[in-house]
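First to last, the protein sequences are chains C and U. Residue numbering for the first sequence follows my numbering, starting at 1 and increasing by one per position. Residue numbering for the second sequence follows my numbering, starting at 1 and increasing by one per position.
Keep in mind that the hints were calculated from the coordinates and are not lab data. Please note: incorrect hints may appear among the correct ones.
Stated by the list, open to error - One-sided excerpt, in silico: chain U residues whose CB lies under 10 Å from chain C: (1) ASN60; (2) PRO75; (3) ARG77; (4) ILE79; (5) ILE92; (6) TRP95; (7) ARG99; (8) PRO105; (9) ALA114; (10) MET121; (11) TRP123; (12) PHE134; (13) PRO199.
Unchecked claim - Straight line, CA to CA, 35 Å or less: simulated DSBU-like cross-link-like pairs of lysine-lysine: (14) C:LYS111 x U:LYS119; (15) C:LYS147 x C:LYS47; (16) U:LYS207 x C:LYS147; (17) C:LYS229 x U:LYS119; (18) U:LYS58 x C:LYS229; (19) C:LYS105 x U:LYS119; (20) C:LYS148 x U:LYS70.
Ideal Cβ placement from N, Cα and C applies to all residues, glycine included.
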Amino acid sequence: MRLTLEIWRQKDAQDAGRFARYDLPEVSEHMSFLEMLDVLNQELIGKGEEPVAFDSDCREGICGMCGFVVNGYPHGPQPLTTVCQLHMRHFHDGETLRLEPFRAKAFPVIKDLAIDRSALDRIVMAGGYVSINAGGPRDANSILVGKKESDLSMDAASCIGCGACVAACPNASASLFTGGKISHLGLLPQGEPERKTRALNMVTRHSDEGFGGCTVIGACAEACPKGLKLDFIARMNKDYLAGTVTFREEAAGGGG
Amino acid sequence: MSVATASTAAPVKVSRLAVFWQSQVGKKFVSAVTGVLLFTFVVGHLLGNMQAFQGAEKFNAYAHFLQNAKAIVWPTRIIMLAALILHATAGIQLWLRSREARPQPYRVPLANPATPSSKTMIWTGLLTLGFLVFHLLDLTLGAAFVHSGFVAGEAYQNLVATFRNFGKVIFYSASIVGIGFHLSHGLYSLWQSLGFRHPLWTPTIMKVALLVGVFLSIAYLTIPAGVVTGLIRL
Ligand code: HEM
Ligand code: SF4
Ligand code: FES
Numbered sequence: 001m002r003l004t005l006e007i008w009r010q011k012d013a014q015d016a017g018r019f020a021r022y023d024l025p026e027v028s029e030h031m032s033f034l035e036m037l038d039v040l041n042q043e044l045i046g047k048g049e050e051p052v053a054f055d056s057d058c059r060e061g062i063c064g065m066c067g068f069v070v071n072g073y074p075h076g077p078q079p080l081t082t083v084c085q086l087h088m089r090h091f092h093d094g095e096t097l098r099l100e101p102f103r104a105k106a107f108p109v110i111k112d113l114a115i116d117r118s119a120l121d122r123i124v125m126a127g128g129y130v131s132i133n134a135g136g137p138r139d140a141n142s143i144l145v146g147k148k149e150s151d152l153s154m155d156a157a158s159c160i161g162c163g164a165c166v167a168a169c170p171n172a173s174a175s176l177f178t179g180g181k182i183s184h185l186g187l188l189p190q191g192e193p194e195r196k197t198r199a200l201n202m203v204t205r206h207s208d209e210g211f212g213g214c215t216v217i218g219a220c221a222e223a224c225p226k227g228l229k230l231d232f233i234a235r236m237n238k239d240y241l242a243g244t245v246t247f248r249e250e251a252a253g254g255g256g
Numbered sequence: 001m002s003v004a005t006a007s008t009a010a011p012v013k014v015s016r017l018a019v020f021w022q023s024q025v026g027k028k029f030v031s032a033v034t035g036v037l038l039f040t041f042v043v044g045h046l047l048g049n050m051q052a053f054q055g056a057e058k059f060n061a062y063a064h065f066l067q068n069a070k071a072i073v074w075p076t077r078i079i080m081l082a083a084l085i086l087h088a089t090a091g092i093q094l095w096l097r098s099r100e101a102r103p104q105p106y107r108v109p110l111a112n113p114a115t116p117s118s119k120t121m122i123w124t125g126l127l128t129l130g131f132l133v134f135h136l137l138d139l140t141l142g143a144a145f146v147h148s149g150f151v152a153g154e155a156y157q158n159l160v161a162t163f164r165n166f167g168k169v170i171f172y173s174a175s176i177v178g179i180g181f182h183l184s185h186g187l188y189s190l191w192q193s194l195g196f197r198h199p200l201w202t203p204t205i206m207k208v209a210l211l212v213g214v215f216l217s218i219a220y221l222t223i224p225a226g227v228v229t230g231l232i233r234l
């Protein structure tokens, strides 16, 4: 099929950026979206032009490296699908597709469609861990985990950190990501001791990184390729509020 | 065991209230609690105002009762003013921060599920703020440049005079519809701000919030409509 791509080209973070048009007369419907861009890039390289920069790694929807906006949809219009798993059969002959990077102050453009998402890593560093005693291996199943809690925790843990929630949010908020990380640990017994300080630290980091606040629109949950729900944001708020009230300054010399 | 580092402990030395107010989750909590307070006032004020349909005597007696019940009226005024200042400050700051969070707009507008009311919270809020100032000048204080024929103590007569002015009918009505919009999203989102979301209750809350917003608008609109149609007259 024949497609026209209008791709955002931007040399670096300082460059103003603009759309460039590319005609692709023969796109196979069996290609993935990124394979189509690979073909385009080979062509551009052949012509001595600069290839389009975009991120990817696993190309099987699990690493969270890929992601840009296709016609107003982060990761493209197919629900629950990363752009690396999006196949060209979902588009039709003669269509024009506009590709833009995820836009947020906290996600500076590196080049073209590639953005710097390390702000999300710093939110995880602020509290996305559990402190446990190292030592001999424990018996399996020595800590009991309820079925519902474990299912919910797994739902939250399926977040791949792609940033589509931020891209979709009219406030450029990373609340769904942060709520997911807070919930996936906080729902389990292993994460319970640090549940409230985790929420305090991660929410504070989230603000400091320059993300916006949640106004309960729900665009994030619609865009999320892993189907995370707004429930995790409510849980983040609850843990944060409880943490604010009950937080105790640590006694000098106390271990983590 | 890992040793607590600066990043694992919540900020020390800074007051916990300051940290709370600095965070978006904290500001939303304040917005929710003050929003509920303001909402109760909106409902109470409506119940009082409905007495306009019972004639001048009843309505003026109610107004006199309020003017003399200083022990009820002043604490209410102070709490509402404080709630309003906190609510408006939180709302405006959150809005400004969200704008800053995306300095480069999308060139192709994003498809998103925002409802008309959720998109316009800041505008319906600012409209409400402007309306409140005007309304107080008009019917509580009777400032001459807003309400030329104002007579202190004659609440019913003042009300009728206000709604005989076409411009005021339009402005009051638009503001009331604005408050209805504001509440149809606010009465839903506040639960999220308080940390409550539930697969059974949340969809119901959304519907009820919309209904309450629409109902309150219509109920308040009956007052200017009553004057215009002559149901409320001198
Ligand atoms: C009659 C007076 C008012 C009532 C009853 C009211 C009620 C509410 C409620 C219940 C919420 C939801 C809070 C939450 O989601 O946590 C809200 C949000 C909001 N209000 Fe008001 N409000 C009033 C006046 C105002 C005023 C004067 C402003 C001034 C600018 C304002 C601006 C906002 C904004 C911007 C939000 C959204 C906050 C956010 O989601 O970030 N409101 N309001
Ligand atoms: S919550 Fe969903 S959209 Fe957001 S980073 Fe995680 S996987 Fe991506
Ligand atoms: S490249 Fe790994 S999720 Fe798309």
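Each hint tested on the structure:
{"no.": "1", "hint": "ASN60", "result": "violated (43 Å)"}
{"no.": "2", "hint": "PRO75", "result": "violated (26 Å)"}
{"no.": "3", "hint": "ARG77", "result": "violated (29 Å)"}
{"no.": "4", "hint": "ILE79", "result": "violated (22 Å)"}
{"no.": "5", "hint": "ILE92", "result": "violated (12 Å)"}
{"no.": "6", "hint": "TRP95", "result": "holds (9 Å)"}
{"no.": "7", "hint": "ARG99", "result": "holds (8 Å)"}
{"no.": "8", "hint": "PRO105", "result": "holds (7 Å)"}
{"no.": "9", "hint": "ALA114", "result": "holds (5 Å)"}
{"no.": "10", "hint": "MET121", "result": "holds (7 Å)"}
{"no.": "11", "hint": "TRP123", "result": "violated (13 Å)"}
{"no.": "12", "hint": "PHE134", "result": "violated (27 Å)"}
{"no.": "13", "hint": "PRO199", "result": "holds (8 Å)"}
{"no.": "14", "hint": "C:LYS111 x U:LYS119", "result": "holds (31 Å)"}
{"no.": "15", "hint": "C:LYS147 x C:LYS47", "result": "violated (57 Å)"}
{"no.": "16", "hint": "U:LYS207 x C:LYS147", "result": "holds (31 Å)"}
{"no.": "17", "hint": "C:LYS229 x U:LYS119", "result": "holds (20 Å)"}
{"no.": "18", "hint": "U:LYS58 x C:LYS229", "result": "violated (52 Å)"}
{"no.": "19", "hint": "C:LYS105 x U:LYS119", "result": "holds (20 Å)"}
{"no.": "20", "hint": "C:LYS148 x U:LYS70", "result": "violated (54 Å)"}
Of the numbered hints listed earlier, those contradicted by the structure are 1, 2, 3, 4, 5, 11, 12, 15, 18, 20.
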